[in-house]
Amino acid sequence: MTPLWRKAYDAIEQPLAAGSEAWVQSETFMDLATVGFRVQRRMLRELQQNTERWLHLWGWVSRGDVVRLSNQVASLERQVRELRREGDHREHPLLNGRSRTRPNSRQTSGRSAG
Amino acid sequence: MAPGVLERQILRTRNGLAYLTGASHPAMGQTPRDLVWKRDKARLWRYRSEERRFRPPVLIVHSLVSKSYILDLLPNTSLIRYLLREGFDIFLLDWVPPDPADAENTLETYVDEYIPEAIEALLEEAGADELTLIGYCFGGVLTLLLAAAHSELPIRSMMAMATPCDYREMGFMSNMFRADRLNPEDMIDETGLVPARALDEGFQSLKPTEYVTQRVNFFQNLWNDEFVEGFLAIAFWARDQVPFPGGVFRQTVERLIRRNALLEGVIPHGRGEVRLADIRCPFLNAYAAQDTITPAASSVPLTALVGSEDARELRLESGHIGFVAGRQAAKVARPQIREWLASHSEG
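Protein sequences, first through last, are from chains G and H. Take the first sequence: its position 41, counting from 1, is numbered 53 in our numbering, and each next residue is one higher. Take the second sequence: its position 202, counting from 1, is numbered 197 in our numbering, and each next residue is one higher.
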């Protein structure tokens, strides 16, 4: 049996849920969310830039420096992967009689098969 | 027999204390398995089983937007454990959460490289010459592209579970990128990934009151050990989001959301395009009627878009997670999934 407190909660929540879900899907909400998102992102970026400038003034490492370093390592890792993949394809061009890369994607105009 | 009022209060206090002290964290993804292949962040697992009665083996390709233990959540609700017990040879292809090295991965990275290589490894490991393919959620999109792009792969039959097709029906998250409200670059951070937090917030926003209602449900059923265990497991998984590779995200927005290319049946791929009509193997489109992540209306058109003569659909009365991990799954979804798999296997 559903307790009274739960019935009361559902009586409030159900119309609220229906209303809020419809509101989230509305054009107005999405436009507002877009503006809110952009403002938040811009403020965060400016805060990060200012903090970074201030940290660099004192010769300290900022989050941006760590991210840049991490991206450089990631770029190296991607190059290693690519080299390894090319090596694998050269060593084993065919597996079980099937080509490794033989996608039957159709050509778009003027381009070679991918 | 349900416990009395006093007994419930005692159980509620006990479970509440366990929850508050963090002692009630359920163990998830416990079905024994072996890693049979690995490449970068892609991993192919084979689940151990003494009774593999059906052939060919089944490969489940997991989504890129969540962690795969949802398919093996708890022993009594695990989809994978159920299929193993029914005699299927189950492989799972999942992805270690991406880091900046994966930021430039594209759909082609998965569809033309990782998945075909994993399939080769699977066939070798299982000693099979064909397989059944299952794609869950965004994994379904990957398997659709795979089957359309690689007719040379020995896919005997395939199933798309909770797979989006019509992105106009995908709601808030999709609509934010249609009509140029947001651009992919707005979501991609300086590491080249879409942060897990952004995805989590996006999913939460679909049902704004859901978070509170879930807690109310939890409190109401706090006396029920089984409910508490299931609730905590699902709640943990739902918040345990992973970042999304920026390269795939750009393509998802441009191709799938703005062009709605899956619904058109012709999807740009590599330097050309692929057609869903080129999928000729038996196909099951399984979707959930109460799914808010991949609404049923988004999945429905798939059945008519593939070129298979044996294309069917399975509509289940559950939600996105309940589909694979809830009590509803155990009663209704799994037997029907099993039935379809068995009828397209030998054994």
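Please note that the accuracy of each hint is not assured.
[What the hints assert, rightly or not] Just so you have them, the derived chain G footprint on chain H, three or more residues with Cβ under 8 Å:
hint	segment
1	93 to 102
2	163 to 170
3	178 to 187
4	194 to 208
These are calculated hints, taken from the structure and not from any lab test. Beta carbons: idealized from backbone N, C-alpha and C, even for Gly.
Those earlier numbered hints the structure runs against, lowest number first:
Hints that this structure does not satisfy do not exist here, as all of them hold.
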